[in-house]
Amino acid sequence: MKHVIAVLSLVTLTGCSTLIDGITGKYHNYDAVEYNLAVDLVVRSRGIEPRCSDAVVAKKEVQELGQRVDYFLAYTEGRPYNKRTNELAKKIKDMVTDTEKRDAMSSFFCRERAKNIVKAAEILRGSSGEKRE
Amino acid sequence: MSFEQTLNDINIFCAHENSAIAEFAQRSISYAQALKQGEISTEEYHSLLGDIETLKSMCRTADEEYQVAKIFQAAMLITSLI
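Residue numbers (this note's numbering), protein chains in the order written: chain A, 1 to 133; chain B, 134 to 215.
Think of the hints as simulated: they come from the structure by calculation, not from any bench.
From a predicted model like this one, the values you see are computed outputs, not experimental measurements.
Even glycine gets a Cβ: it sits at the ideal position worked out from N, Cα and C.
Where hints are given, some of them may not hold.
[Stated by the list, open to error] One-sided and incomplete, this derived list gives chain A residues near chain B with beta-carbon spacing under 8 Å: (1) Arg-84; (2) Leu-88; (3) Lys-91; (4) Met-105; (5) Glu-112; (6) Arg-113; (7) Asn-116; (8) Lys-119; (9) Ala-120; (10) Ile-123; (11) Gly-126; (12) Ser-127.
[To be verified] Subject to a maximum C-alpha distance of 25 Å in a straight line, what follows is the list of computed SDA-like cross-link-like pairs (lysine to any residue): (13) Lys-90(A) / Gln-166(B); (14) Lys-115(A) / Ala-165(B); (15) Lys-90(A) / Ala-158(B); (16) Lys-101(A) / Ala-32(A).
Start from the sequences, fold in the hints, and give me the full structure.
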């Protein structure tokens with residue numbers, strides 16, 4: 001009898017666990033690789049503003065950030081549960097592309113655009129990190 | 134859109150990140166001042182204001198993730214209590 005109860009308990013517990021995982025599983029989507037890439041974008045974007053005294057150097061920095069955003073996009077495109085962070089990264093890409101296309105930009109614009117790109121990258125990082133909760 | 138309206142929108146979309154409200158507001162003010170002082174062109178001014186709109190939109194998207202996470206957390210708490 002003890003064996004029967006033990007087996008039934010095990011089956012019930014396993015069943016409950018599977019059921020809970022089934023219901024909540026789609027929210028267990030924290031992705032350490034994605035978070036790491038998001039942190040990389042934050043760090044690289046912070047490197048733009050100090051270079052705004054020279055627009056050419058600043059634009060080179062922006063171009064390099066753009067390549068990292070492309071990598072992030074390529075990574076998240078292939079994973080359905082990274083859809084939201086992919087959407088956020090596309091917004092960063094738009095800001096980066098707009099900056100790259102400019103023939104000239106004022107020092108003020110460069111600094112403020114850089115701050116906005118940093119903020120955007122921080123929002124992306126926050127969104128990626130919140131998945132863990 | 135009025136400045137107050139912009140602040141209200143940010144307040145809704147960045148509900149979990151109160152510092153963003155003040156930060157965005159401060160940026161909008163400094164853009165207007167820079168335009169007035171001729172530090173930026175009108176086109177650059179509008180681009181920067183566009184950035185604020187983009188950041189608001191990003192906050193809205195990030196908030197969805199945050200709310201889902203909070204709902205999930207609450208559901209797990211209830212499950213553990215049962």
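Hints and how they fare:
At about 5 Å, the closest approach between the beta carbon of Arg-84(A) and any beta carbon in chain B falls short of 8 Å, and the interface hint on this residue holds. At a threshold of 8 Å, the smallest CB-CB gap from Leu-88(A) to chain B is about 5 Å, leaving the interface hint in force. Because the beta carbon of Lys-91(A) sits about 5 Å from the nearest beta carbon in chain B, less than 8 Å, this interface hint is met. With 8 Å as the threshold, the beta carbon of Met-105(A) comes within range of chain B, its nearest partner Cβ sitting at about 7 Å, so the hint holds.
Checking Glu-112(A) against chain B: minimum C-beta separation of about 5 Å stays under 8 Å; hint holds. For Arg-113(A), the interface hint holds, the least distance from its beta-carbon to any beta-carbon of chain B being 7 Å, beneath 8 Å. Annotation: Asn-116(A) was flagged as interfacial toward chain B, and the flag holds, the nearest CB pair being 4 Å apart, inside 8 Å. The interface hint given for Lys-119(A) holds, since its Cβ lies 6 Å from the closest Cβ of chain B, which is under the 8 Å cut-off.
Taking 8 Å as the C-beta contact cut-off toward chain B, the hint placing Ala-120(A) at the interface holds, the least distance being around 6 Å. With 8 Å as the threshold, the beta carbon of Ile-123(A) comes within range of chain B, its nearest partner Cβ sitting at about 5 Å, so the hint holds. Given hint, Gly-126(A) at the interface with chain B, holds; its Cβ is 6 Å from that chain's nearest Cβ, closer than 8 Å. Evaluation of the Ser-127(A) hint against chain B yields a held restraint, the C-beta minimum of about 4 Å falling below 8 Å.
For a cut-off of 25 Å, the pair hint linking Lys-90(A) to Gln-166(B) is broken: about 30 Å separates their Cα positions. Between Lys-115(A) and Ala-165(B) the CA atoms are separated by roughly 16 Å; this keeps the pair inside 25 Å, and the hint holds. A distance of roughly 24 Å separates the Cα atoms of Lys-90(A) and Ala-158(B); the hinted pair therefore holds under the 25 Å criterion. At roughly 33 Å between alpha-carbon atoms, Lys-101(A) and Ala-32(A) are farther apart than 25 Å, so this suggested pair is violated.
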